[in-house]
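Sequences listed follow chains D and P, in order. Just so we're aligned, residue 1 is where the first sequence starts under this note's numbering, counting upward by one. Just so we're aligned, residue 1001 is where the second sequence starts under this note's numbering, counting upward by one.
Any given hint could be a false lead.
Below 27 Å or equal to it, Euclidean Cα-Cα: the simulated DSSO-like pairs (lysine-lysine) are [unchecked claim]:
{"id": "1", "chain 1": "D", "residue 1": "270", "chain 2": "P", "residue 2": "1220"}
{"id": "2", "chain 1": "P", "residue 1": "1102", "chain 2": "P", "residue 2": "1196"}
{"id": "3", "chain 1": "P", "residue 1": "1089", "chain 2": "P", "residue 2": "1228"}
{"id": "4", "chain 1": "P", "residue 1": "1018", "chain 2": "P", "residue 2": "1176"}
{"id": "5", "chain 1": "D", "residue 1": "272", "chain 2": "P", "residue 2": "1102"}
{"id": "6", "chain 1": "D", "residue 1": "174", "chain 2": "P", "residue 2": "1176"}
{"id": "7", "chain 1": "P", "residue 1": "1092", "chain 2": "D", "residue 2": "119"}
{"id": "8", "chain 1": "D", "residue 1": "174", "chain 2": "P", "residue 2": "1196"}
{"id": "9", "chain 1": "D", "residue 1": "272", "chain 2": "P", "residue 2": "1051"}
{"id": "10", "chain 1": "D", "residue 1": "174", "chain 2": "P", "residue 2": "1228"}
{"id": "11", "chain 1": "P", "residue 1": "1051", "chain 2": "P", "residue 2": "1102"}
{"id": "12", "chain 1": "P", "residue 1": "1165", "chain 2": "P", "residue 2": "1196"}
{"id": "13", "chain 1": "P", "residue 1": "1165", "chain 2": "P", "residue 2": "1220"}
{"id": "14", "chain 1": "P", "residue 1": "1228", "chain 2": "P", "residue 2": "1165"}
{"id": "15", "chain 1": "P", "residue 1": "1092", "chain 2": "P", "residue 2": "1102"}
Worth flagging that the hints you see were computed from the coordinates, not collected in a lab.
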Amino acid sequence: MDFFGDEEEYNTNVLAIIQRNHELVPGALCPAASATSSPSPRRRHRRRRSISMAGAMDLPAKGGFSFDLCRRNAMLAEKGLKMPGFRKTGTTIVGLVFQDGVVLGADTRATEGPIVADKNCEKIHYMAPNIYCCGAGTAADTEAVTDMVSSQLQLHRYATGRESRVVTALTLLKSHLFSYQGHVSAALVLGGVDVTGPHLHTVYPHGSTDTLPFATMGSGSLAAMSVFESKYKEGLTREEGIQLVSDAICAGIFNDLGSGSNVDVCVITKGKTEYLRNHQLPNPRTYVSSKGYSFTKGQTEVLSTKITQLEPKVEVAEGDAMEE
Amino acid sequence: MGDSQYSFSLTTFSPSGKLVQIEHALTAVGSGQTSLGIKAANGVVIATEKKLPSILVDETSVQKIQTLTPNIGVVYSGMGPDFRVLVRKSRKQAQQYYRLYKETIPVTQLVRETAAVMQEFTQSGGVRPFGVSLLIAGYDDNGPQLYQVDPSGSYFSWKASAMGKNVSNAKTFLEKRYTEDMELDDAIHTTILTLKEGYEGQISANNIEIGIIRSDREFKVLSPSEIKDFLEEVE
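Looking at chain P on its own, in the form it has when it is part of the complex (with noise of 0.2 Å):
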């Protein structure tokens, strides 16, 4: 690879043009466990898996879908605190948005704002870039939207989206079973049915974690009874 001596530098351009870092990071983005979004007609539905590394670790203590704001929920695939410090500074952007403007913050400025974070990682010495792809769902004046951004800091308007260890399996699934009118409920259930594709082991209410928004625009994270309720649908 004739990349490789420009690999180590982030804020050094590669002949062909790539910042190699940010390879790298996709790269640990990809290794990350599986998190995927669908956006209905009447909301949107993220989850991710939820393997912890022993059967000792207290997986109430540990919760991956975060909310930003009162309508906006995010998911991520990578690297766990990287993740930690971005929901914390997303968090704070909202709310000088809202000291700003008397207005909460509508989904694509804050998507817009995260993004330029991760991008500030891109450009300057002494950093590297964060190692998480996040899945940032909302419902504002828009309707309800699914946002993908990236460790590069760009950003994608999803219908439906993957990313982490199985993208590419979750993803064809994704576009099979994709409809433009489908009801949230369907949404939670296809969701679910994607997860089970690449779940290496039995999926149960404790393994997976879902995050909803509805039209009643307040993001909630699942708890691990509705997610039974939702598993025995599927079954």
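Chain D on its own, in the form it takes in the complex (with noise of 0.2 Å):
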């Protein structure tokens, strides 16, 4: 019974919040309300029960995301109320397979709209001993798919005692992303060696999937493309196949603003797996000052100055200050 007032409550604060914004008129807010006034949605409410319950409560039983808050959502946005926004990864992300198995890389830069939010992260996620997935679009999705994924392949391992394979951990990510219809923003490149082989497949937010020989995703994919179009051939050795994964991940950290920093390099062939974390550094800090940096008094210009007092001064009234 108390949450029923509260969405009562919860609702007519929203729709305050829209009207002292905007000034709008209480009758063309909710289309779906009576005729009369917005301070009698009670037995609106009680109708929708069922429905708005879920959304007013906490986390709902069975786990997932929960899409009843998404018509107020839409509502809100149609209004005008602008949504925040999410850290995405701006990425570049490549794999290529070469004559023993697959080689990915990524570059390390997290970004925060124009905000360098992370110089050197870790886009390449751990799936299994024998597969690795790199991840490009927001950085929570990718995390959270990567882990989620991993996880129920150890318990898979455990159920089967056999070595992951590529396909099973593909095939769980695109089944989760396309239940989320593109909501779970993650562009993965995944590559692994088992039993039937190397592998090396794309995954789009929207769950379809690729498989090819040399994959990019990300902003800086066009740029990190076009080295592997030019210089990509079957038969690769290992040393090839790590030149040319760093060659085009460094035309992306260049030549796109999304991506920069570091070179992460994952060789993974059959039986072993070597993950070269920062390979290269083509970005270092050229000059720190060894006397470290001082700021003396009066080096930033003062435009204007404004006091407010955080106790405020209290006037004691005529009278004696006792009294009550």
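Fit chain to chain and form the complex, with the hints in mind.
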């Protein structure tokens, strides 16, 4: 009964905020509302109780994304409320198949709009001892989805007693992403070697996949793909493969604003995986003053001054101060 | 037995304060094949008899000792199918713990969660208790550990323990032979001798299973050839 009251209050508050911001007429706000004024939505809520209940409560019991508030969000966006942004990886990620296995590569810059949020983040995620996955898109989404599938693969390994296969990871990822209809913004390059051989796949946020001998994803994918298209050939050796991947990532780092900092490489072959974190550091901090930096007073120009009292000065009214 | 009219319903206490169904579950465990475990100074060993109902059964398809996480293993006495369900649940719980805390689950936590599952089945409608007792062996930051979990959901930490058919003889034998500073290899020999004590028939590398975990924290089930080596050392 409690949350029932809360939900009503909540909706009334939301509408009040929109009203204040946009000075709209109450009647126009809720197309679903009756002709009577908004302060009595009680009847409407009662009918919708079974659906709205879950939205107002804590996490739904089944887990997963709750679409209950999407209608409200759409209404708010329509009325002009700006949706909050999220941190994206604005990335260059690549993968290629060489004669003994696969090589994956990624840059290490994470961006939040125009700001570099992390200068050396890890975009190559562990899925299984023989399978790794590079992630582009929303950082939280790539982390969460790769962690989840990695966990599922571990349980599957225990149940079957066998090494995980790349197609298993692929299918788990694509079914998850498809069921969220593209709302999980994760674009992945998945590579590994299993009993059936070396495999390389790309996975798109809506759940489609491709199987390729070489692949690039992210904002720097065009720069990286141009390197691959001109220099890739079948049967590359390990050194050639690593060099080509590094060149492609560097192309992304230097020509795309969303990618930068260092090159991470991961080489997967039958029975052995090497994760070469920061394989190349083409963007070192070149000038660091050994004396340190000191900023003396007077170096910064003061444009204006405003003083706000934190403790309000209380004026004592007439009469004895001891009187109540 | 005045308790008999209370013995069919799990969720009803008998006048003597017992849940008779749990007693029956313990009886089921007590008629299962013997299993035992020993905690040494530098590791843990668990073992069980692997008597198959007929010589036609393919013994390579049966594995009674299972891995729950890379550093925790488990063996049972009682009903095999119940064991499989518990193993599946425990593995999932270990994964969920890792997803939540990004830390590999400590042995005590996994034991607690498994015990909680077993307890649930003693207090719900329409279910029966699990007919297994588990011996969970693990090695984590608190060193080597050995726990027994009963169908009621109670758990105990042991230095050495046995369960199943031959429990009293095995425990007496272990009490005599156990020393605090035992090394893992000695513990394995003691285990084999204890199993031999109660074994009807000839013990061999194919009709016992042994699982060990050393300070490298990797739980492994010994292969028949490795067991053979230990058997020869004991003889």
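Each hint tested on the structure:
At roughly 23 Å between alpha-carbon atoms, residue 270 of chain D and residue 1220 of chain P fall within 27 Å of each other, so this suggested pair holds. The suggested pairing of residue 1102 of chain P with residue 1196 of chain P is violated, with an alpha-carbon distance near 42 Å, which exceeds 27 Å. Pair hint residue 1089 of chain P plus residue 1228 of chain P does not hold up; C-alpha atoms about 33 Å apart against a cutoff of 27 Å. A C-alpha spacing of about 33 Å is found between residue 1018 of chain P and residue 1176 of chain P, which places the hinted pair above 27 Å, so the restraint is violated.
Taking the CA atoms of residue 272 of chain D and residue 1102 of chain P, the gap is about 24 Å. The hint holds against a cut of 27 Å. Distance check on the hinted pair: residue 174 of chain D and residue 1176 of chain P sit about 58 Å apart at the alpha-carbon level, beyond 27 Å; violated. Straight-line distance between C-alpha atoms of residue 1092 of chain P and residue 119 of chain D comes to about 35 Å, which puts the hinted pair past the 27 Å bound. Between residue 174 of chain D and residue 1196 of chain P, the direct Cα distance comes to roughly 52 Å. Violation of the 27 Å bound is thereby established for this hinted pair.
The suggested pairing of residue 272 of chain D with residue 1051 of chain P is violated, with an alpha-carbon distance near 38 Å, which exceeds 27 Å. For the proposed pair residue 174 of chain D and residue 1228 of chain P, the alpha carbon gap of about 47 Å is over 27 Å, so the pair is violated. Between residue 1051 of chain P and residue 1102 of chain P the CA atoms are separated by roughly 40 Å; this puts the pair beyond 27 Å, and the hint is violated. Taking the CA atoms of residue 1165 of chain P and residue 1196 of chain P, the gap is about 13 Å. The hint holds against a cut of 27 Å.
Distance hint between residue 1165 of chain P and residue 1220 of chain P is fulfilled; the C-alpha atoms sit about 25 Å from each other, no more than 27 Å. Between residue 1228 of chain P and residue 1165 of chain P the alpha-carbon distance is near 24 Å, which keeps this suggested pair within the 27 Å criterion. The hinted pair formed by residue 1092 of chain P and residue 1102 of chain P meets the criterion: a straight-line CA distance of about 14 Å does not exceed 27 Å.
In summary, the numbered hints that this structure violates are 2, 3, 4, 6, 7, 8, 9, 10 and 11.
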